[in-house]
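S.K.: From first to last, the protein sequence lines are chains A and B. In terms of full-length UniProt numbering, the first sequence is numbered consecutively and its last residue is 492. In terms of full-length UniProt numbering, the second sequence is numbered consecutively and its last residue is 335.
Just so you know, these hints were derived from the structure itself, not from any lab. A couple of the hints might just be wrong.
Sample of chain A residues lacking proximity to chain B, with all beta carbon distances greater than 10 Å (derived) [what the hints assert, rightly or not]:
| id | residue |
| --- | --- |
| 1 | GLY17 |
| 2 | LEU18 |
| 3 | ALA22 |
| 4 | ALA92 |
| 5 | GLU111 |
| 6 | ALA141 |
| 7 | ALA253 |
| 8 | GLY266 |
| 9 | GLY293 |
| 10 | LYS341 |
| 11 | ARG398 |
Going by beta-carbon spacing under 8 Å, a handful of chain A positions derived as facing chain B [stated by the list, open to error]:
| id | residue |
| --- | --- |
| 12 | PHE19 |
| 13 | TYR21 |
| 14 | SER27 |
| 15 | LYS129 |
| 16 | PRO286 |
| 17 | LEU287 |
| 18 | GLN289 |
| 19 | ASP362 |
| 20 | GLU438 |
| 21 | GLY440 |
| 22 | THR459 |
| 23 | ASP464 |
| 24 | SER467 |
Ideal Cβ positions, reconstructed from N, Cα and C, are used throughout, including at glycine.
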Amino acid sequence: MTNDATHPSGSPAAPAGLFSYAPAPESRAVVDIAPSYGLFVDGEFREAADGGVMTTLSPATEEKLSEVAHAGEADVDAAVRAARTAFTGWSALPGAERAKYLFRIARIIQERSRELAVLETLDNGKPIKESRDADLPLVAAHFFYYAGWADKLEHAGFGPAPRPVGVAAQVIPWNFPLLMLAWKVAPALACGNTVVLKPAETTPLSALFFADICRQAGLPRGVVNILTGDGATGAALVGHGGVDKVAFTGSTAVGKEIARTVAGTGKRLTLELGGKGANIVFDDAPLDQAVEGIVNGVFFNQGQVCCAGSRLLVQESVHDELLTALQRRLRTLRVGDPLDKNTDVGAINSAEQLARITELADSGEAEGAQRWTAPCDLPSQGYWFAPTLFLGVSQAHRVAREEIFGPVLSVLTFRTPEEAVAKANNTPYGLSAGVWTEKGSRILAVSQRLRAGVVWANTFNKFDPTSPFGGYRESGFGREGGRHGLEAYLEH
Amino acid sequence: MTVGYARRYAPLVTMPPSAAPALADVTASDAALRRFLHGLPGVDAVGLDARAAALGTRSIKTTAKAYAIDLAISMIDLTTLEGADTAGKVRSLCAKGRNPDPSDRTAPSPAAVCVYPDMVPVAREALAGSGVLVASVATAFPAGRAPLEVKLADVRAAVAAGADEIDMVIDRGAFLSGRYLKVFEEIAAVRENCARVSGGAARLKVIFENGELATYDNVRRASWLAMLAGADFIKTSTGKVAVNATPSNTLVMLEAVRDFRDATGHQVGVKPAGGIRTTKDAVKYLVMVNETLGDDWLSPHWFRFGASGLLNDLLMQRQKLSSGRYSGPDYVTVD
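Please model the complete structure; the sequences and the hints are all you need to start from.
M.R.: Written out as structure tokens, the structure reads:
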């Protein structure tokens with residue numbers, strides 16, 4: 001009854017024990033990645049006008065997955081023109097007809113969800129458990145949800161006859177490639193707009209598979225156009241004169257640049273930017289669930305989540321208990337092969353991001369915070385960062401102020417609800433926050449004073465298409481999701 | 001959280017090696033006990049269910065599955081608790097306990113056979129020399145609605161007949177009406193009556209009937225109450241009501257024994273019972289034990305399954321792993 005004690009390479013590292021889990025890899029064979037992909041413009045795949053290409057890697061192994069076209073200004077122009085042309089017909093369709101396409105897309109996503117989950121995990125590095133159980137179900141749910149709005153827009157509260165805005169330029173990040181696409185594309189199409197979307201440089205593949213889904217669903221040509229490329233491509237797209245609406249999710253620095261580009265042009269703009277979410281644990285919290293919420297808050301998707309609960313604010317009277325429990329829990333996290341179904345923490349998306357996380361974590365140590373890392377073996381290939389805590393962090397430390405966008409949690413303490421609110425709000429960001437207490441009145445009192453677009457009570461990182469999401473101040477403006485998410489795509 | 005418990009309560013908790021934990025201050029009065037139990041951190045039901053469900057998605061394959069199946073078999077309390085039980089039926093179950101898979105002698109034996117008190121002598125004789133323990137329910141199982149003297153006599157009879165373990169039920173009525181001290185004293189009294197004339201004592205499993213306690217907060221309170229009163233094992237259910245063991249209510253109990261050991265140094269076992277019928281279910285429970293408690297509880301001495309049908313499913317899965325084929329229910333014995 002003894003178990004094989006050797007730890008097979010490639011399976012997620014976890015503390016060795018009597019009951020060690022054998023590798024349980026999801027099959028790669030369910031997805032067929034072509035050696036190269038073109039741009040999806042006007043319903044067809046084509047090479048970039050200047051023939052530019054770039055490669056996309058698997059961050060877990062650094063192996064090359066595919067080559068994709070690198071769109072330049074000519075391609076941006078062609079895509080915007082295609083979208084403009086398609087707009088006339090698409091916006092004139094009755095809402096119920098547009099809904100049929102969206103429902104069809106949602107169903108195809110569900111049918112192909114295993115393939116898409118594996119693809120997303122390969123290109124992004126996130127655990128298959130998350131792409132399978134979080135990303136893909138939410139992607140389909142977003143399309144189903146906004147399909148339902150398409151024929152009810154006059155009842156959405158934006159006037160008796162709201163009209164689409166026109167051509168939407170959408171630039172999305174690499175942390176949830178397909179989900180961010182869904183957040184942007186679904187409401188845009190439901191409202192009658194056409195779209196030119198640029199996926200992130202390091203994660204272009206799922207958007208290209210989505211282009212195939214659009215064809216499979218018979219979506220009229222030009223309604224959705226996908227341009228792969230880098231920052232220059234994105235800048236050309238948001239700066240294009242034929243664009244009516246710009247939607248961006250990504251870093252605050254790029255968001256500010258886009259705001260400057262768009263200023264004075266009359267283009268509508270929504271920005272969903274960075275965050276430094278405070279997860280506040282009061283001493284009467286349900287502690288075992290708070291520990292789970294903290295873990296989910298900052299280690300979900302390797303912490304590469306704009307609304308991550310990357311600052312833990314814990315009441316001093318419960319600090320030691322909570323931290324002991326949290327460290328015990330972090331020792332059980334399984335870090336490694338993202339395709340293994342038992343992996344909890346996968347790879348960092350890129351060498352660049354890993355360098356940024358490493359630099360900020362080093363600054364934490366240099367500034368005097370106490371570093372603690374969960375014991376785990378990291379693979380030798382690929383981009384990895386072990387789950388890390390910083391204890392004894394003060395508001396002045398960079399790890400408490402700057403968005404790390406990685407599996408790093410800064411732990412701060414407070415003594416009174418007053419102090420908790422003051423510290424939570426003491427950030428230029430304002431995207432998310434969490435409140436943990438068994439006292440309902442405290443949840444209400446504290447949430448009302450937190451300057452954050454989303455406040456979770458006794459949970460964290462919960463998403464639903466019916467719920468609006470967005471930030472304050474340097475976390476951006478505009479809301480995605482829910483009825484509110486329609487507003488950005490309607491003239492009223 | 002355990003550091004905090006230890007800090008707050010360690011001075012109060014002294015654990016004489018051979019007696020029920022004396023927590024004089026906490027258990028001095030109904031009011032004190034109530035304050036202690038209601039001072040335990042709350043359980044957020046949504047978060048608890050999400051954690052239990054997440055652990056249920058672990059994918060246990062090949063060598064890990066083989067290990068889990070054998071471990072699960074060795075943790076079973078093979079149970080028959082029917083009004084229609086006969087000596088023949090109990091003997092047949094004991095024969096199965098001695099030799100669970102006649103086609104494969106390498107299959108481990110279950111931990112115990114669990115019967116009503118009047119069947120203990122039959123089981124004792126049938127299991128002699130096998131290493132399989134005899135467990136007996138007692139204390140007017142399953143309702144527990146009898147005078148204390150009757151319950152204690154029930155326990156004494158089972159112990160005298162040779163039961164190695166006693167599965168008692170708590171007085172849910174007293175618990176739900178807030179008379180915690182009554183429940184505490186009853187468990188302590190049962191524990192005293194587990195002592196054998198020849199020395200030593202039967203191990204005591206305390207059944208809460210989680211389905212009747214209704215909230216996870218109550219399950220956590222009952223866990224601490226029973227452990228304070230000297231339980232060797234805490235057990236989810238009788239198997240006789242609509243809601244028995246669930247991953248969630250078992251997880252609360254796993255957290256409780258973990259915290260109790262951290263606070264007092266005293267380790268207590270956990271036994272989910274009722275409704276666990278498949279290998280898949282059993283493996284999910286073992287994953288919870290593994291990731292909540294670790295190696296120290298991964299043995300039949302500290303974790304049990306109260307089940308009857310589960311054994312055959314585990315044996316069928318075991319045969320499939322070794323032969324590569326699924327043979328079907330006619331290739332394991334009915335009992």
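S.K.: All hints are to be evaluated individually against the structure, with a verdict given for each.
M.R.: Hints, one by one, checked against the model:
1. GLY17: 5 Å, violated
2. LEU18: 5 Å, violated
3. ALA22: 4 Å, violated
4. ALA92: Correct as stated: the minimum Cβ-Cβ distance to chain B is 45 Å, above 10 Å.
5. GLU111: 21 Å, holds
6. ALA141: Check passes; 17 Å lies beyond 10 Å.
7. ALA253: Since the minimum Cβ distance to chain B is about 35 Å, ALA253/A lies beyond 10 Å and the statement holds.
8. GLY266: 45 Å, holds
9. GLY293: 7 Å, violated
10. LYS341: 4 Å, violated
11. ARG398: Nearest chain B Cβ is 29 Å from ARG398/A, so the label holds.
12. PHE19: 5 Å, holds
13. TYR21: Status holds, d = 5 Å.
14. SER27: Nearest chain B Cβ about 12 Å off; hint violated.
15. LYS129: Cβ of LYS129/A sits 7 Å from chain B, so the hint holds.
16. PRO286: 4 Å, holds
17. LEU287: 4 Å, holds
18. GLN289: 3 Å, holds
19. ASP362: With Cβ-Cβ at 29 Å, over 8 Å, it is violated.
20. GLU438: GLU438/A check passes; min Cβ-Cβ to chain B is 4 Å, inside 8 Å.
21. GLY440: 12 Å, violated
22. THR459: Status holds, d = 6 Å.
23. ASP464: Where the cut-off is 8 Å and the nearest Cβ of chain B is about 14 Å from ASP464/A, the hint is violated.
24. SER467: 15 Å, violated
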